[in-house]
Amino acid sequence: MAGLDDLLAAAKDAMGKSRPTYSRFPVGAAIMTEDGRIFAGGNIEVASYPEGWCAETTALSHYVMGQGGTITDICVIAERLPLCTPCGGCRQRLAEFAPPDARLHLCADGKIARTLTMAEIFPLGFDGDVLTT
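First residue of the sequence shown? That's 127 in our numbering, and the numbers climb one at a time after it.
Heads up, some of the hints might be wrong.
Derived pair list, reagent style SDA-like, types lysine to any residue, alpha-carbon separation capped at 20 Å [said to hold, decoys possible]:
#, residue 1, residue 2
1, 138, 175
2, 143, 183
3, 143, 198
4, 143, 195
5, 143, 172
6, 138, 197
7, 143, 234
8, 138, 211
9, 237, 211
10, 143, 131
11, 143, 236
12, 143, 208
13, 237, 198
14, 138, 198
15, 237, 252
16, 138, 209
17, 138, 238
Beta-carbon label-pair distances, calculated as ranges [as the list claims (entries may be wrong)]:
#, residue 1, residue 2, range
18, 135, 195, 17 to 25 Å
19, 187, 131, 19 to 27 Å
20, 150, 195, 34 to 42 Å
21, 130, 256, 33 to 41 Å
22, 246, 173, 15 to 23 Å
23, 207, 132, 19 to 27 Å
24, 257, 209, 26 to 34 Å
Hints in this document: simulated from the structure, not taken from any laboratory. Predicted model only: the values in this text are computed from it and were never measured. Note that the Cβ used here is the ideal one computed from N, Cα and C, for glycine as well.
Produce the complete structure using the sequences and hints provided.
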């Protein structure tokens, strides 16, 4: 079964495959489910700047297409920013798929340096339940 070392390795690998054509700011993210599966992604930039994908969004798309289960851990790593956190939009996206107690691992110097829960990093996210009632 996969562990945090595997999750970190997947995030690093995704960062290496990212396409930060304009910002030159590579980011990798990896998501692990309770059954040990890992889904990773890197940021992908296009000329129409706001239309690019953050690493977390790319990882989530692989998670959804892979019919992932319950998310237990998320790892984010950036080449040039220690403790890089998901942007606001990605926090919302992650919160819609990950439970509040899912662990978010932030990296520095190529290793996990700080761990928070989704509830800690995004305590008052928009609740999509209001859209279905």
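Item checked: In rising order, the numbers of the hints this structure does not comply with -> 1, 3, 4, 15 and 22
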